[in-house]
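Asks: So you can see what is in the structure, the chains are spelled out below.
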Amino acid sequence: MTTVSQAATDPHSWLRGQSRWSYFEIAFWVIALLPFYFFPTYLTLASQIAITALFAISVDLVLGYAGIITLGHAMFFGLGAYAAGLITKAGWGEPLTGLVFAGAFAALIGFLTSFIIVRVRHLALIMITLGLGFLTLELANAMSWLTGGADGLRGVDVWPIFGWFEFDLWGYTAYSYSLIVLFLGVVAARRIVHSAFGLSLRGVRENLTRMPAIGSPYRFHLQKIYTISAALAGVAGALLTQTTETVSLETLSFQRSADIVVMLILGGTGRLYGGIIGAIIFMVARDQLSGMNPQYWYFWIGLLLMAVILVMPNGILGGLSRLAGRRS
Amino acid sequence: MVKKIVVALAMGFGLAGGANAQETVKIGVIVPYSGPFADAGNQLDAGIELYIQQHGDEVAGKKIEIIRKDTGGPSPDVAKRLAQELVVRDGVDILAGFALTPEALGAADVATQAEKLMVVMNAATSVVTEMSPYIVRTSVTIPQVNYPFGKWAYESGVTQAYTLVADYGPGHDAEQSFARGFTEAGGEIIGADNTPVANPDFSAYVQRVRGADPEAVYIFIPGGAQPAAIGKALAERGLTPPDTKIFGQGELTHPEALESMGENALGIITTFHYTLERDDPLNNEFVEAYREANDGRSPDLFSIGGYDGMHLIYEALKETEGDTSGDALVEAAKGMSWDSPRGPMSIDPETRDVVQTVYIREVQEVDGVLQNVIIDEIPNVKDPLHGADE
Amino acid sequence: MVGNLVIVIFDGLAFGMLLFVLSVGLSVTLGLMNFVNLAHGAFAMLGGYLAIVAMRQLGLPFLAALPVAFLGAALISVLFERALFRRLYRADALNQVLFTIGLVFVAAASAAYLFGTGQQPIQLPGYLQGVVEIGGMRFGVYRMFLIVVALAITVLLVLGLDYTRFGAQVRASVDNQRAAQGLGLNVDTIFAVTFAVGSGLAGLGGALAIEMVGLDPSFGFHYLVYVLIVVSVGGLGSIAGSFVAAVVLGVCDVAGKYFVPEIGSFLIYLLLVGILFVRPQGLFGKR
Amino acid sequence: MPGEDIVLRTEALQKSFGSLEVARSVSIELPRGARHALIGPNGAGKTTLINLITGQIRPDSGKIFLEGRDVTQMDVAGRVRHGVTRTFQINELFPNLTPLEAVTLAVCEREDLAGQFWRPLTAQKAAIDEAFDILTQLQLADVATRPTRTLSYGQKRLMEIALALATRPKVLLLDEPAAGVPKDESAMLFSVIAALPADMSVLFIEHDMSLVFKFSSQIVVLVGGGVLLQAEPDVVRRDPRVREVYLGQAGYV
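Chains as they are written, first to last, in our numbering: chain C, 421 to 748; chain Y, 290 to 679; chain B, 107 to 393; chain G, 13 to 265.
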């Protein structure tokens, strides 16, 4: 695309080239519309993939860009899911404000926990995120008068979007809604990644020792991105609540935290679309394999993960971009 | 994959699957085939499989086709999506399975919207059948076996008890039902503890029970590894019958748990709707056929739920003469009664919930093998919560 | 009351010892090779199933099944190490995570396929069952056995590391891999042997765990969390750390559930977060 | 030199690791525009002193003043913001950022623009221009858009300085800027240092005595954690103690 000699003469245009929408991206969003016409019976799956992809992006912002490895992000997904469910039980079923409410709630908790998160690193960081995730899960289980406990929250009633679009059995509304929110999420995440702030996050990931030596208050940066990421995860959780009208403890589970990291690494970290691709491949593979072999499908998923790592150590997108030649 | 795309295309263009529905009845089975609850799903599936094997795959001139879907665990969102896909993609006529309550709650709306019969073959929270008029349950509810058990416990001469239940929905339900039955009859609950759902070691809780020194302890924990663990912990602390009576729901003394607990299990009294060892020709035949089909593995509550669920589907189809509309099938199911390997059972026409005999069993040694021996039966028990304002 | 306290500490100690045997191998391999082996729990599960097979199919007594579990898990793990894991020593941690999680999936599915999804009960020999009553307090024999086995393992490991030539080589490699290589140590072999011993101990732990916590195909995933907690709280590469962490977690867990059952399910995670926040490198960690 | 404008001053800095004293009552002064060298045998505590001044480690006792202000309690980033910046002996760069991105990042941090997550980076025109100027000044413009990890070693050493310059330091502490650089290139590196703004105070660690004598206006000699001598190059060159403990061993002069 851009060559070195051009850039050397004009740093501005080189940087603009870095953040420009690529053909790959545009093609991706066009393809994302195809299920409406070609796979209408897969729309509910597509909707849940879009939701998972949004969740993966929220994790990519902290893990891929800021280098915070988390095994507890389902905490925010689940908090958003419960917030969105509980607000409908309180009598307000409007979905868009519900999303905002859930995002804000998850962001608040994200901000509070970020004070702990930015003070530890490495294994301790991973384990503290895991511990906080489990604590949230146990808390939700203990507060069954509010959350419905292990049976899940009952009586979630979401109004039609704009008072018009009902969530139908085929999933037309669900997928449209999830896809639009995912798109907005990607636009927002892109904007963050390609800002000065995004650059500082990459700095943190690349070399934490250097950051204070260039005068960076990097802990504030990390707290900020952790909060933003929590908000995004909360929105994803809220989407799941609204499109399925269910909430369960499973949204907070370690399994969900681990799965999302697996999908992200599978697709490739630090690339935004890596999480999306990972979510698509993982969930489509799971759907197809478990359809063929409901009892042992995860054997094949396991093999897939191992094979990908041996062949493409930077995830699928990393591998593809290396194949396609050098681009950063 | 290609085939699926073709099917998807065909359906997308409105050639939806009514055409061949005249020949086959498709039943979508939604259970956790994988994950921590995989055993429940697989046992339930084996029950379904055995019924089809014994009764053929043709009913009312139609072929029965099972489509299996894995939820991976108690995820209502996944269960709902699978139900939606089964309806719109696979064109199923009946939804079935549902080992876990969240699965059933997730799919209930789909049954209502799509007007399909939904046979709940396990999920044991009372409220499940109230979530859709198309739901029929062939398993059990927790209050159904524990409320009468509470009464029975008092009548058996126990005046005070301690409850120890897993800290989640079913555990709380069990605790409440038992305590209600027990206290209504005149007993007193002198202490109650909740154990974490995935608790590996019970010694601390058992030690607490011991400190309270009750006449009896009532226990509810999920099946799997925990029954044996708690049984051993009780024995280690000397909490054994007859000094301290041990009450529980049937999972506590499932065959693997008995094998692992050994004689420590002797004297434990449990309440259940299905007893493996119940000496009855129907049951003996069922158990034998089940073991033969499953490498010697014994049937459990999931197996019988699936087995009877299939019975209900077959009989309903016979009655509707192959009409698979949800309304017709639900009508046919209401009031249906039959002799199951578990004993006589029926479907309450009001609540569409199961009505059956509750068995009180005690672990005894018979011919050198530990068994749950039925010591009392309470016939025709309905779920005590339906109709009662929660 | 004092008696209760003694019993609670004893029970907690026994549970902690089980966690220790399950975890210590991972602590050493993570500290030594920087290899994030999330399949460690899968090797524990492997040991458990090997013990089951040894007892049921081969008719071995329980005590003879334990070495089978150890050796079998060690052998199979070293095959994996030589064939697959070795390629990933230089890869970044995320790749190791994904690869070994993949292996956990494969292991769980294989176990479900081979042994079914049900629990695998075992019958202990009579001399390991029952209780010993001392001063009115009842001590479970199997729990005592667990404590003895774990202490023996600890002593063997510590002696082995401190007083054998190989142990010195391992310590040198943990401290500074490059320097060890420079000194002409065969780091490759050291890795393989350490990995085998670590996984073997996990296998032994899996076999010992059956009696206490049962065994089914989700074991590898379920106990992974406990293992990671012990390893991180103890500090990487430290046998003493794992030992102390396992004791602290076991005793606090049981004591907490006994004295404050309301927070029973939170306790282990509260400890985890609290300890690591104050000491991110773990109780005995150097980094 | 009375009335001299002292930018950085340390007062009896003391630091021990266990029983090992790594800084022993270190008091030094750095006037504005200084070109001071910090020398001493291996283990003399040179890097430790830089770590103390920049805040990577805290002294057990003693104080650090920047333009008369006590900064002893300030963290690393805070000191950078007040004008004390260092480079590292072993490269601490951003391997996958390009030099342009890395230096722009440093400029944005200085200007408090790095927290802005809603404005595109490309809108920070002034910062980008300044970053490119710095790179041009250090002859890195040609490689400005290649990932840092692909740069030559000498270029990476220059990046160390570029990142430091982007913080607009009043005091620049260079920890062996030419470490590992071939001799011919290291002279070029020091010519860059010599060309730094006249009002910037520079303290550098360097082992090559010819470079030290050529580029420094004063030399601080550190031995066993304590200051042996702070004087002009000529004084240091003649000092018998220095010859004995340091120069003699190294075989220079």
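Some hints here could point you the wrong way.
[As the list claims (entries may be wrong)] Coverage of chain C stretches by chain B, computed from C-beta distances (three or more under 8 Å per stretch; other residues unrestricted): (1) 538-546; (2) 639-651; (3) 673-684; (4) 729-741.
[As the list claims (entries may be wrong)] Label pairs and their computed distance ranges (CB to CB): (5) Asp502/Y / Ile240/B: 18 to 28 Å; (6) Gly437/C / Lys392/B: 44 to 54 Å; (7) Pro668/Y / Gln675/C: 54 to 64 Å; (8) Ala199/G / Phe603/C: 27 to 37 Å; (9) Tyr165/G / Arg436/C: 28 to 38 Å; (10) Glu123/G / Leu185/B: 52 to 62 Å; (11) Leu566/C / Tyr219/B: 14 to 24 Å.
[Unchecked claim] Derived coverage of chain B by chain Y (criterion: at least 3 residues anywhere in the stretch with Cβ under 8 Å from a Cβ of chain Y; other residues may be distant): (12) 174-187; (13) 296-305.
The set of hints was computed from the structure by calculation and includes no laboratory data. We put the beta carbon where it would ideally sit given N, CA and C, even for glycine.
Asks: Confirm or reject each hint.
Replies: Going through the hints against the structure:
no.: 1; hint: 538-546; verdict: holds (count 8)
no.: 2; hint: 639-651; verdict: violated (count 0)
no.: 3; hint: 673-684; verdict: holds (count 4)
no.: 4; hint: 729-741; verdict: holds (count 3)
no.: 5; hint: Asp502/Y / Ile240/B: 18 to 28 Å; verdict: 20 Å, holds
no.: 6; hint: Gly437/C / Lys392/B: 44 to 54 Å; verdict: 45 Å, holds
no.: 7; hint: Pro668/Y / Gln675/C: 54 to 64 Å; verdict: 42 Å, violated
no.: 8; hint: Ala199/G / Phe603/C: 27 to 37 Å; verdict: 56 Å, violated
no.: 9; hint: Tyr165/G / Arg436/C: 28 to 38 Å; verdict: 31 Å, holds
no.: 10; hint: Glu123/G / Leu185/B: 52 to 62 Å; verdict: 57 Å, holds
no.: 11; hint: Leu566/C / Tyr219/B: 14 to 24 Å; verdict: 41 Å, violated
no.: 12; hint: 174-187; verdict: violated (count 0)
no.: 13; hint: 296-305; verdict: violated (count 0)
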